[in-house]
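Let's have the full structure, built from the sequences with the hints guiding it.
Taken in order, the sequence shown gives residues 3 to 103; the numbers are from my numbering.
For the record, the hints were derived by calculation from the structure and aren't laboratory data. Heads up, some of the hints might be wrong.
[Claimed, not checked] As a list, the in silico EDC-like pairs of lysine to aspartate or glutamate whose alpha-carbon atoms are at most 20 angstroms apart:
id, residue 1, residue 2
1, 87, 98
2, 28, 17
3, 28, 68
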Amino acid sequence: MEASWQTMAQDLPVDPDTLREQVRDKYRELALDPSASFHFHTGRGLASRLGYQADAVNTRPDRAVESFAGVANPFSLRLLAPGEKVVDIGSGGGFDCFIAA
3 MEASWQTMAQ DLPVDPDTLR EQVRDKYREL ALDPSASFHF HTGRGLASRL
53 GYQADAVNTR PDRAVESFAG VANPFSLRLL APGEKVVDIG SGGGFDCFIA
103 A
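And the structure:
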């Protein structure tokens, strides 16, 4: 039997508002104390794992890099051309905006 996302979501006993708040809290913790221990990769190590160019990472503010907890590298798809516009949906700490700027 093939499970669909919709079926899986309905079967999970998780309150979406509670989950959203827990995720928000974890990002807040990372922003406030990037040197703390987390159950997910963060910072420069994560940026490297995701294929960000070292010079792009190393020229950004330390605080922005160390609190990075992204899930993908949009710049691995295509580099931005001068004059292109970027929309940040505000789901993280702005690391990709620092690079795009």
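Here's how the hints hold up against the structure:
1. 87 to 98: holds, 13 angstroms
2. 28 to 17: The hint holds at about 17 angstroms.
3. 28 to 68: holds, 14 angstroms
Checked against the numbered hints given earlier, this structure breaks none of them.
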